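Trainee: Required output: the full structure, derived from the provided sequences and hints.
Chains as they are written, first to last, in the working numbering: chain A, 230 to 327; chain B, 230 to 327; chain C, 230 to 327; chain D, 230 to 327; chain E, 230 to 327; chain F, 230 to 327; chain G, 230 to 327.
Please keep in mind that the hints were generated in silico from the structure rather than gathered at the bench. These numbers come from a predicted model, not from an experiment. Treat the hints with care, since some could be wrong.
Distance windows between CB atoms, simulated [what the hints assert, rightly or not]:
id : chain 1 : residue 1 : chain 2 : residue 2 : range
1  : B       : G284      : D       : N311      : 51 to 61 Å
2  : D       : E312      : A       : P288      : 56 to 66 Å
3  : D       : V293      : F       : K286      : 34 to 44 Å
4  : C       : A327      : A       : Y302      : 41 to 51 Å
5  : F       : E312      : E       : G294      : 23 to 33 Å
6  : C       : P288      : D       : E312      : 24 to 34 Å
7  : F       : P248      : D       : F277      : 55 to 65 Å
8  : C       : D310      : E       : V287      : 50 to 60 Å
9  : D       : Y302      : B       : K292      : 36 to 46 Å
10 : F       : E312      : D       : G303      : 35 to 45 Å
11 : E       : G278      : D       : P248      : 32 to 42 Å
12 : F       : K286      : E       : F277      : 17 to 27 Å
Straight-line Cα separation of at most 25 Å, BS3-like style, residue types lysine-lysine; simulated pairs [what the hints assert, rightly or not]:
id : chain 1 : residue 1 : chain 2 : residue 2
13 : E       : K308      : E       : K296
14 : A       : K301      : B       : K308
15 : A       : K326      : A       : K245
16 : A       : K234      : G       : K296
17 : E       : K245      : E       : K292
18 : B       : K286      : A       : K292
19 : B       : K308      : A       : K292
20 : E       : K301      : E       : K245
21 : D       : K245      : C       : K296
22 : B       : K292      : B       : K308
23 : E       : K234      : D       : K292
24 : F       : K326      : G       : K234
25 : F       : K308      : F       : K234
26 : B       : K296      : C       : K234
27 : D       : K301      : C       : K301
28 : G       : K245      : G       : K296
Built from N, CA and C at the ideal position, the CB exists for glycine as well.
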Amino acid sequence: MAKPKLTPLGDRVVVKPEPGEEMTRSGIVLPDTAKEKPQEGTVVAVGFGRILDNGQKVPVEVKVGDKIIYSKYGGSEVKIDNEEYIILQERDILAVKA
Amino acid sequence: MAKPKLTPLGDRVVVKPEPGEEMTRSGIVLPDTAKEKPQEGTVVAVGFGRILDNGQKVPVEVKVGDKIIYSKYGGSEVKIDNEEYIILQERDILAVKA
Amino acid sequence: MAKPKLTPLGDRVVVKPEPGEEMTRSGIVLPDTAKEKPQEGTVVAVGFGRILDNGQKVPVEVKVGDKIIYSKYGGSEVKIDNEEYIILQERDILAVKA
Amino acid sequence: MAKPKLTPLGDRVVVKPEPGEEMTRSGIVLPDTAKEKPQEGTVVAVGFGRILDNGQKVPVEVKVGDKIIYSKYGGSEVKIDNEEYIILQERDILAVKA
Amino acid sequence: MAKPKLTPLGDRVVVKPEPGEEMTRSGIVLPDTAKEKPQEGTVVAVGFGRILDNGQKVPVEVKVGDKIIYSKYGGSEVKIDNEEYIILQERDILAVKA
Amino acid sequence: MAKPKLTPLGDRVVVKPEPGEEMTRSGIVLPDTAKEKPQEGTVVAVGFGRILDNGQKVPVEVKVGDKIIYSKYGGSEVKIDNEEYIILQERDILAVKA
Amino acid sequence: MAKPKLTPLGDRVVVKPEPGEEMTRSGIVLPDTAKEKPQEGTVVAVGFGRILDNGQKVPVEVKVGDKIIYSKYGGSEVKIDNEEYIILQERDILAVKA
Chain A
230 MAKPKLTPLG DRVVVKPEPG EEMTRSGIVL PDTAKEKPQE GTVVAVGFGR
280 ILDNGQKVPV EVKVGDKIIY SKYGGSEVKI DNEEYIILQE RDILAVKA
Chain B
230 MAKPKLTPLG DRVVVKPEPG EEMTRSGIVL PDTAKEKPQE GTVVAVGFGR
280 ILDNGQKVPV EVKVGDKIIY SKYGGSEVKI DNEEYIILQE RDILAVKA
Chain C
230 MAKPKLTPLG DRVVVKPEPG EEMTRSGIVL PDTAKEKPQE GTVVAVGFGR
280 ILDNGQKVPV EVKVGDKIIY SKYGGSEVKI DNEEYIILQE RDILAVKA
Chain D
230 MAKPKLTPLG DRVVVKPEPG EEMTRSGIVL PDTAKEKPQE GTVVAVGFGR
280 ILDNGQKVPV EVKVGDKIIY SKYGGSEVKI DNEEYIILQE RDILAVKA
Chain E
230 MAKPKLTPLG DRVVVKPEPG EEMTRSGIVL PDTAKEKPQE GTVVAVGFGR
280 ILDNGQKVPV EVKVGDKIIY SKYGGSEVKI DNEEYIILQE RDILAVKA
Chain F
230 MAKPKLTPLG DRVVVKPEPG EEMTRSGIVL PDTAKEKPQE GTVVAVGFGR
280 ILDNGQKVPV EVKVGDKIIY SKYGGSEVKI DNEEYIILQE RDILAVKA
Chain G
230 MAKPKLTPLG DRVVVKPEPG EEMTRSGIVL PDTAKEKPQE GTVVAVGFGR
280 ILDNGQKVPV EVKVGDKIIY SKYGGSEVKI DNEEYIILQE RDILAVKA
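Mentor: Right, dumping it as structure tokens:
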């Protein structure tokens, strides 16, 4: 998987979503209920962060290569070289798989 | 119950929800009325906290192992190694059972 | 009435609601009109307070034992040892009976 | 009219609403149109004020005994010793009759 | 026109609305279209201002006697000594006629 | 075109809208599609600016005489000496034609 | 493609949208699904930035000539010399193609 040539703005990240089979292999299954169902993916690009009201920069908490769980109700889909990616804001990231 | 391999972001926590029998054993019964009905669970992972507008970090008020009561109208369900967990933001936690 | 074993988070309080007879005895009757109808209760546990944007802690204005009037449109019901309690945020508390 | 035994929280005030006849006597008549119709009353208790984001306390602009005009779309009704009162937030107070 | 005996709170002002004939005399006609239609009036009382998050007081930009144009979608009507007035917040004032 | 005798409050500006023919002359045509369609006009009066939470004044970015493009979903129409004007807030101004 | 004679206000940018063929050439295809579908374009003008609550200026993260991906649910269309442009706020820009 080639890294897409995108630099996300602010606290955004570019994520390569995992296909359903990957989720089983890692032992994490995301249930299909009425509650919010997060998705899994791998971070491939990270923005420079967000700026607080006092002017201080806060870097994004995740880094390239991190496997993350993110809210499916956020982000924008882009297709680069026939691969699908999601551009998320940091608030849409729920957890990192450590 | 193994600790899930997840590090929640910001002020999020990962919670193992208690089954209904546990609630009776602890003497707390959550009524099934029209009012908001909170849930019980055990904290299994805690994010690093939130950042104030002045750049100061505020750690999450709960720690791993805490029994908590949380709003059922928050959080995202994930299933890890066939166990269900909830990822909550701190504001969805109502109280710690001391 | 035993104090419930709950520590509310942030500026939340745990309140034991007064039954209707108590309200008459104290001379306060809460009318049943279209306007917002507050409730009466006794504070049984208090959170550590809220944190301002400058990092300063603001303690909750009420203390354990205070008789309060609170908005009925807030809070979550919990039942502990067969007694019903409400977990409120400070903003849902209207007044203390002095 | 006895002062009710209530200490309102934050920037709230307890107000004794004026009956309709009082309004005529003071020369102020509140019209019954589609526009917002304010009410008249007398302040009988005042909270300690609100706290700014910098931690500074701002006292309420009105004091006990002030005749005020307040928005009818705010506040909660309570009945104390068979007298009706309204608990308002300061933002619901429009003006003081000087 | 006697000044009404009202001191508005915060950044509110008391305004005597101009009747329709006055508008023609001043050369300003407020059209009756679907767009927001402002009204004309004269300021008769001004509150002490608003308080910023840093505790600094900001006085209201208009003064007693100013002819103003204000949004008709704001304010509360009061009738004092059979004259109608509007109590507005400063944000509802669009411009001063200089 | 005489300058209207209006001083807008805060970060508001008074704008003389351009008729449709003017837009063609300047080479800018505003399309009539489902997307938001901005309008063109000339600034004829500018307010003193807005005040930040730290008390600092921020002047308006445009000046009298500037040709601007502004959102048609903002502002209030006034008619002065039979000429129509729009009173806008700075956030409704999209760009200045340099 | 001539640069349009527009200076956007605040953190706005003027963008020349890419036609559909350009997207294929760069290897990025924006899928037509129910999820939010971003657009591609080239920055042709950049505002001076936004002002934080502490008075500090934050320049826009993109510069003239940058190829960007932006949310299609933002911005205003303008037509200059028969070319269509979009005026966006920085928050509508998702990423820069590096």
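Trainee: Confirm or reject each hint.
Mentor: Evaluated hints:
{"no.": "1", "hint": "B:G284 with D:N311: 51 to 61 Å", "result": "54 Å, holds"}
{"no.": "2", "hint": "D:E312 with A:P288: 56 to 66 Å", "result": "59 Å, holds"}
{"no.": "3", "hint": "D:V293 with F:K286: 34 to 44 Å", "result": "37 Å, holds"}
{"no.": "4", "hint": "C:A327 with A:Y302: 41 to 51 Å", "result": "47 Å, holds"}
{"no.": "5", "hint": "F:E312 with E:G294: 23 to 33 Å", "result": "26 Å, holds"}
{"no.": "6", "hint": "C:P288 with D:E312: 24 to 34 Å", "result": "32 Å, holds"}
{"no.": "7", "hint": "F:P248 with D:F277: 55 to 65 Å", "result": "58 Å, holds"}
{"no.": "8", "hint": "C:D310 with E:V287: 50 to 60 Å", "result": "53 Å, holds"}
{"no.": "9", "hint": "D:Y302 with B:K292: 36 to 46 Å", "result": "43 Å, holds"}
{"no.": "10", "hint": "F:E312 with D:G303: 35 to 45 Å", "result": "41 Å, holds"}
{"no.": "11", "hint": "E:G278 with D:P248: 32 to 42 Å", "result": "33 Å, holds"}
{"no.": "12", "hint": "F:K286 with E:F277: 17 to 27 Å", "result": "20 Å, holds"}
{"no.": "13", "hint": "E:K308 with E:K296", "result": "20 Å, holds"}
{"no.": "14", "hint": "A:K301 with B:K308", "result": "15 Å, holds"}
{"no.": "15", "hint": "A:K326 with A:K245", "result": "15 Å, holds"}
{"no.": "16", "hint": "A:K234 with G:K296", "result": "11 Å, holds"}
{"no.": "17", "hint": "E:K245 with E:K292", "result": "13 Å, holds"}
{"no.": "18", "hint": "B:K286 with A:K292", "result": "20 Å, holds"}
{"no.": "19", "hint": "B:K308 with A:K292", "result": "24 Å, holds"}
{"no.": "20", "hint": "E:K301 with E:K245", "result": "13 Å, holds"}
{"no.": "21", "hint": "D:K245 with C:K296", "result": "21 Å, holds"}
{"no.": "22", "hint": "B:K292 with B:K308", "result": "21 Å, holds"}
{"no.": "23", "hint": "E:K234 with D:K292", "result": "17 Å, holds"}
{"no.": "24", "hint": "F:K326 with G:K234", "result": "6 Å, holds"}
{"no.": "25", "hint": "F:K308 with F:K234", "result": "12 Å, holds"}
{"no.": "26", "hint": "B:K296 with C:K234", "result": "11 Å, holds"}
{"no.": "27", "hint": "D:K301 with C:K301", "result": "19 Å, holds"}
{"no.": "28", "hint": "G:K245 with G:K296", "result": "9 Å, holds"}
Checked against the numbered hints given earlier, the structure satisfies every one of them.
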